[in-house]
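Trainee: Given next are the chains, with one letter for each unit.
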Amino acid sequence: MTAPRDKFGRPIVVVTGMGIVTSLGAGKTDNWKKLTAGESGIRTVTRFPIDGLKSTMAGTVDFVTVEPSSSTGLTERLADLATEEALAQSGIGRKGDFPGPLFLAVAPVEVEWSQRIEVGRAVGKPDFDVNDVLKISGGGKFAPYHHRFMFGSVAGHLAEKFGTKGSPISLSTACASGATAIQLGVEAIRRGETDAALVVATDGSVNQENLIRFSLLSALSTQNDPPQAASKPFSKNRDGFVIAEGAGTLVLESYEAAVARGAPILGVVAGCGELTDSFHRTRSSPDGKPIIGCVRKSLADAGMTTEQIDHINAHGTATPENDKMEYVGISAVFGERAKQIPVSSNKSMIGHTISAAGAVEAIISLLTLEHQRIPPTINYEIPDPAIPFDVVPNVARDARVTAVMSNSFGFGGQNASLILTREPI
Amino acid sequence: MNKPKEAWITGIGIISSLGEGLDAHWDALNARRINVDEKRFAPYVVHPLAPVSFDAQIPKKGDQRQMEAWQRIGTYAAGLALDSAGVKGNQEILGRMDMIVAAGGGERDVPVDLAILNAYIKSNASPAFLNERLMNDLRPTLFLTQLSNLLAGNIAIVHGVSGTSRTFMGEEAASIDAARIALARIQSGQSDITLVGAAHNGERTDLLILYEFDDFNLKDTFDPVWARNKHSGFALGSAGVFLVIESREHAEARGAKPYARLSNVVTDLAQRKQPGAVTKSLETLWSKLGMPKDNGALITGATGVEPVTSEEKAFLGGHPGCAVRATGTSFGHTMETQFPLGLALAALSLSRGALFPPNDPTGLEVEMTKPPTQIVVMGAGHWQGEGMALVEAIK
Numbered sequence: 419m420t421a422p423r424d425k426f427g428r429p430i431v432v433v434t435g436m437g438i439v440t441s442l443g444a445g446k447t448d449n450w451k452k453l454t455a456g457e458s459g460i461r462t463v464t465r466f467p468i469d470g471l472k473s474t475m476a477g478t479v480d481f482v483t484v485e486p487s488s489s490t491g492l493t494e495r496l497a498d499l500a501t502e503e504a505l506a507q508s509g510i511g512r513k514g515d516f517p518g519p520l521f522l523a524v525a526p527v528e529v530e531w532s533q534r535i536e537v538g539r540a541v542g543k544p545d546f547d548v549n550d551v552l553k554i555s556g557g558g559k560f561a562p563y564h565h566r567f568m569f570g571s572v573a574g575h576l577a578e579k580f581g582t583k584g585s586p587i588s589l590s591t592a593c594a595s596g597a598t599a600i601q602l603g604v605e606a607i608r609r610g611e612t613d614a615a616l617v618v619a620t621d622g623s624v625n626q627e628n629l630i631r632f633s634l635l636s637a638l639s640t641q642n643d644p645p646q647a648a649s650k651p652f653s654k655n656r657d658g659f660v661i662a663e664g665a666g667t668l669v670l671e672s673y674e675a676a677v678a679r680g681a682p683i684l685g686v687v688a689g690c691g692e693l694t695d696s697f698h699r700t701r702s703s704p705d706g707k708p709i710i711g712c713v714r715k716s717l718a719d720a721g722m723t724t725e726q727i728d729h730i731n732a733h734g735t736a737t738p739e740n741d742k743m744e745y746v747g748i749s750a751v752f753g754e755r756a757k758q759i760p761v762s763s764n765k766s767m768i769g770h771t772i773s774a775a776g777a778v779e780a781i782i783s784l785l786t787l788e789h790q791r792i793p794p795t796i797n798y799e800i801p802d803p804a805i806p807f808d809v810v811p812n813v814a815r816d817a818r819v820t821a822v823m824s825n826s827f828g829f830g831g832q833n834a835s836l837i838l839t840r841e842p843i
Numbered sequence: 037m038n039k040p041k042e043a044w045i046t047g048i049g050i051i052s053s054l055g056e057g058l059d060a061h062w063d064a065l066n067a068r069r070i071n072v073d074e075k076r077f078a079p080y081v082v083h084p085l086a087p088v089s090f091d092a093q094i095p096k097k098g099d100q101r102q103m104e105a106w107q108r109i110g111t112y113a114a115g116l117a118l119d120s121a122g123v124k125g126n127q128e129i130l131g132r133m134d135m136i137v138a139a140g141g142g143e144r145d146v147p148v149d150l151a152i153l154n155a156y157i158k159s160n161a162s163p164a165f166l167n168e169r170l171m172n173d174l175r176p177t178l179f180l181t182q183l184s185n186l187l188a189g190n191i192a193i194v195h196g197v198s199g200t201s202r203t204f205m206g207e208e209a210a211s212i213d214a215a216r217i218a219l220a221r222i223q224s225g226q227s228d229i230t231l232v233g234a235a236h237n238g239e240r241t242d243l244l245i246l247y248e249f250d251d252f253n254l255k256d257t258f259d260p261v262w263a264r265n266k267h268s269g270f271a272l273g274s275a276g277v278f279l280v281i282e283s284r285e286h287a288e289a290r291g292a293k294p295y296a297r298l299s300n301v302v303t304d305l306a307q308r309k310q311p312g313a314v315t316k317s318l319e320t321l322w323s324k325l326g327m328p329k330d331n332g333a334l335i336t337g338a339t340g341v342e343p344v345t346s347e348e349k350a351f352l353g354g355h356p357g358c359a360v361r362a363t364g365t366s367f368g369h370t371m372e373t374q375f376p377l378g379l380a381l382a383a384l385s386l387s388r389g390a391l392f393p394p395n396d397p398t399g400l401e402v403e404m405t406k407p408p409t410q411i412v413v414m415g416a417g418h419w420q421g422e423g424m425a426l427v428e429a430i431k
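Protein chains in written order, with the working numbering: chain A, 419 to 843; chain S, 37 to 431.
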């Protein structure tokens with residue numbers, strides 16, 4: 419039997435349950451089938467009017483609805499679905515009694531336009547000002563909106579529903595949030611504070627203003643027709659990411675605790691690395707040093723070398739800048755192997771699930787290990803000669819995969835990398 | 037597991053309605069000074085930020101322009117903390133310094149929102165109208181000034197703090213957990229040195245609206261936190277507080293002087309639907325904290341809103357020997373910043389060998405004549421989340 423501790427003497431952290439929701443569907447089975455078939459979940463937005471918008475497609479989760487509708491409400495519902503699936507697989511604890519803390523990656527929260535309009539209408543006179551709005555806001559009519567639009571509201575709901583222990587942590591590290599949540603769970607188990615942690619990453623925030631904000635930053639693809647072909651990671655004609663929704667939940671446990679209760683061991687979180695880029699609010703340092711440092715830290719944390727990594731689940735947003743810098747970073751660390759190792763971007767099919775992406779893609783990485791099959795990067799018709807990755811173009815590939823690196827790089831200089839393995843190393 | 041490492045608070049940065057820096061705050065607290073504005077947002081009471089020259093910590097105007105007020109406040113306070121710890125500009129340390137920021141979001145462009153809203157309602161427009169107005173009226177960079185993790189991003193850019201960077205969200209509890217995780221990482225050797233803190237701009241109508249939805253705002257006249265029996269509520273306050281926390285061995289190796297030791301941080305999420313849940317939670321946290329002395333000192337971030345303030349009072353009633361100080365009276369409610377503020381004032385008091393005087397007409401806060409050796413910092417969020425920290429003198 420493998421020792422329950424890694425080569426650094428820390429408890430080994432394993433995954434015993436996973437749940438996933440994306441625009442492709444709910445659950446691991448459906449998602450895996452579609453991902454390996456190269457199917458896209460991106461479609462023209464129908465949730466709100468697209469008149470006058472530069473980008474009109476998204477990876478919305480349209481088969482889940484909440485009333486009254488809000489992005490925070492949908493975010494919460496997606497988290498519920500993913501968590502229910504993960505807990506059922508893991509079999510940990512009892513219903514409503516999870517034996518560990520919650521780490522939640524979630525988008526920042528704001529009052530949304532439908533609520534603003536409702537409150538504005540309640541003023542009941544034309545040309546109102548902020549004092550008029552303030553005057554009618556109190557008295558309890560809109561009391562539920564306080565709770566709904568608190569940053570801690572989704573975590574409070576999940577903690578109560580699933581009975582996690584202690585104070586739940588909500589976090590945002592932009593596009594790296596999902597990976598950061600996993601990292602916090604791994605650290606807690608390695609410290610010996612807990613045998614289990616519930617890691618949830620969720621994002622249901624494709625609304626008018628969010629789409630427009632990313633559009634105004636020129637971050638989104640405008641290749642609207644056909645929407646399925648818009649997300650083109652690593653292609654020469656890539657022009658931005660496609661905003662999307664989804665959720666991923668992982669049950670993390672110490673290897674020892676998982677074995678003791680006979681839990682399914684779906685994989686190991688062998689290493690986590692993180693390094694902040696202090697260069698610019700939205701752009702990577704042109705020398706790639708923070709990405710290089712982040713990738714190296716994850717390898718060092720796992721006690722592994724580049725030769726042991728069989729596959730990279732790329733951040734691969736399809737923005738001109740990100741994909742170029744990801745190649746610069748990976749090639750600096752992996753050398754010539756950067757051109758041989760299969761590197762695929764799930765975002766070609768499910769879009770960029772922002773706060774959820776790091777966890778959703780970690781789950782897909784673990785499914786890759788389980789099925790020994792690598793999902794493709796679709797929409798790869800015109801290679802970019804500046805990025806000579808083997809992107810697993812357009813068609814899934816069977817391969818021997820023992821260790822996957824999953825990368826997340828976000829606004830605000832947030833870089834995080836995870837190394838996932840099938841077995842303890 | 038190995039014996040937990042000792043964690044020292046070696047840097048404190050603070051700006052608030054009472055001024056900037058440790059001396060200004062010490063003097064203001066000893067003079068029982070309160071800076072409160074009942075007129076500007078009348079009937080809502082706020083504690084406005086004292087005048088600050090942001091150039092002193094954020095030298096590039098371009099950087100200042102890329103930030104919203106809360107980010108400037110936080111980036112400024114972070115700079116003060118790095119100065120105070122003697123690590124400002126030390127690239128070797130800053131390059132591996134970890135950071136946990138507790139954050140909400142940035143201010144909306146309220147005039148733009150109101151113009152769009154008025155036009156939308158008046159013309160009974162279709163939702164497509166929103167697309168046009170948002171595309172034309174939103175400033176592209178406004179988004180970045182509002183994103184929660186961009187306070188940490190700005191601290192990285194301006195001061196070069198670039199180890200790990202995590203932003204916690206969730207009102208008051210976010211910063212209690214930030215302190216808890218920072219301490220746990222240092223005690224276990226996962227981090228040598230961490231910058232932890234928060235910032236809040238309380239002079240915002242969009243926040244007043246959000247809190248008015250559930251009637252949390254203090255209206256009309258200011259009263260100290262313990263004297264709001266007739267009208268409960270919090271007065272939003274502006275403040276930025278950051279702390280440099282590091283392992284004792286790391287501090288000693290670089291010859292850094294500590295203000296105090298951060299010995300423990302414990303947190304909870306009481307299910308508040310049950311009356312008395314917060315009182316019970318605070319009792320449990322107290323017992324988990326490591327047996328603080330009942331005749332010691334306690335700094336609370338009590339909000340002044342109900343029912344949580346009464347539940348806090350019930351807890352304090354069970355510890356009558358404790359010298360209590362409520363930061364809400366002097367600083368207002370600074371949301372995510374309230375707990376780091378309590379930690380900062382605890383460390384400052386311990387380093388100066390005295391607890392600052394009471395500021396409370398009700399008599400709940402009593403004088404403390406002997407030098408404190410332990411100070412408990414307490415936080416119970418206005419709607420959820422509870423926590424406590426134990427800060428101790430280093431002899």
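If you're looking for bench data, these hints aren't it; they were derived computationally from the structure. Positions of the beta carbon are idealized from the N, C-alpha and C atoms, including for glycine. Misleading hints may appear alongside valid ones.
[Claimed, not checked] Between beta-carbon pairs, the in silico distance windows are:
| hint | chain 1 | residue 1 | chain 2 | residue 2 | range |
| --- | --- | --- | --- | --- | --- |
| 1 | S | Q226 | A | K451 | 18 to 28 Å |
| 2 | A | E485 | S | Q307 | 40 to 50 Å |
| 3 | S | N172 | A | K707 | 33 to 43 Å |
| 4 | S | P393 | A | G557 | 34 to 44 Å |
| 5 | S | N172 | A | P801 | 48 to 58 Å |
| 6 | S | K75 | A | G470 | 34 to 44 Å |
| 7 | A | K707 | S | Q226 | 21 to 31 Å |
| 8 | A | R461 | S | N38 | 48 to 58 Å |
| 9 | S | P407 | A | K559 | 45 to 55 Å |
| 10 | A | G557 | S | A78 | 11 to 21 Å |
| 11 | A | A804 | S | Q226 | 30 to 40 Å |
| 12 | S | A263 | A | P682 | 55 to 65 Å |
| 13 | S | P393 | A | P704 | 47 to 57 Å |
| 14 | S | K96 | A | K559 | 22 to 32 Å |
[What the hints assert, rightly or not] As a list, the in silico BS3-like pairs of lysine-lysine whose alpha-carbon atoms are at most 25 Å apart:
| hint | chain 1 | residue 1 | chain 2 | residue 2 |
| --- | --- | --- | --- | --- |
| 15 | A | K553 | S | K75 |
| 16 | S | K266 | A | K513 |
| 17 | S | K316 | A | K579 |
| 18 | S | K96 | A | K707 |
| 19 | A | K715 | S | K266 |
| 20 | A | K553 | S | K266 |
| 21 | A | K559 | S | K96 |
| 22 | A | K583 | S | K316 |
| 23 | A | K707 | S | K124 |
| 24 | A | K579 | S | K309 |
| 25 | A | K559 | S | K266 |
| 26 | A | K543 | S | K255 |
| 27 | S | K255 | A | K583 |
| 28 | A | K553 | S | K96 |
| 29 | S | K39 | A | K425 |
Trainee: Give a verdict on every hint.
Mentor: Against the structure, the hints come out as follows:
| no. | hint | result |
| --- | --- | --- |
| 1 | S:Q226 - A:K451: 18 to 28 Å | 39 Å, violated |
| 2 | A:E485 - S:Q307: 40 to 50 Å | 25 Å, violated |
| 3 | S:N172 - A:K707: 33 to 43 Å | 39 Å, holds |
| 4 | S:P393 - A:G557: 34 to 44 Å | 39 Å, holds |
| 5 | S:N172 - A:P801: 48 to 58 Å | 38 Å, violated |
| 6 | S:K75 - A:G470: 34 to 44 Å | 42 Å, holds |
| 7 | A:K707 - S:Q226: 21 to 31 Å | 23 Å, holds |
| 8 | A:R461 - S:N38: 48 to 58 Å | 53 Å, holds |
| 9 | S:P407 - A:K559: 45 to 55 Å | 51 Å, holds |
| 10 | A:G557 - S:A78: 11 to 21 Å | 18 Å, holds |
| 11 | A:A804 - S:Q226: 30 to 40 Å | 37 Å, holds |
| 12 | S:A263 - A:P682: 55 to 65 Å | 58 Å, holds |
| 13 | S:P393 - A:P704: 47 to 57 Å | 54 Å, holds |
| 14 | S:K96 - A:K559: 22 to 32 Å | 45 Å, violated |
| 15 | A:K553 - S:K75 | 16 Å, holds |
| 16 | S:K266 - A:K513 | 43 Å, violated |
| 17 | S:K316 - A:K579 | 21 Å, holds |
| 18 | S:K96 - A:K707 | 24 Å, holds |
| 19 | A:K715 - S:K266 | 57 Å, violated |
| 20 | A:K553 - S:K266 | 20 Å, holds |
| 21 | A:K559 - S:K96 | 45 Å, violated |
| 22 | A:K583 - S:K316 | 16 Å, holds |
| 23 | A:K707 - S:K124 | 22 Å, holds |
| 24 | A:K579 - S:K309 | 14 Å, holds |
| 25 | A:K559 - S:K266 | 22 Å, holds |
| 26 | A:K543 - S:K255 | 24 Å, holds |
| 27 | S:K255 - A:K583 | 37 Å, violated |
| 28 | A:K553 - S:K96 | 40 Å, violated |
| 29 | S:K39 - A:K425 | 20 Å, holds |
Violated hints, in rising order: 1, 2, 5, 14, 16, 19, 21, 27 and 28; the structure is consistent with all others.
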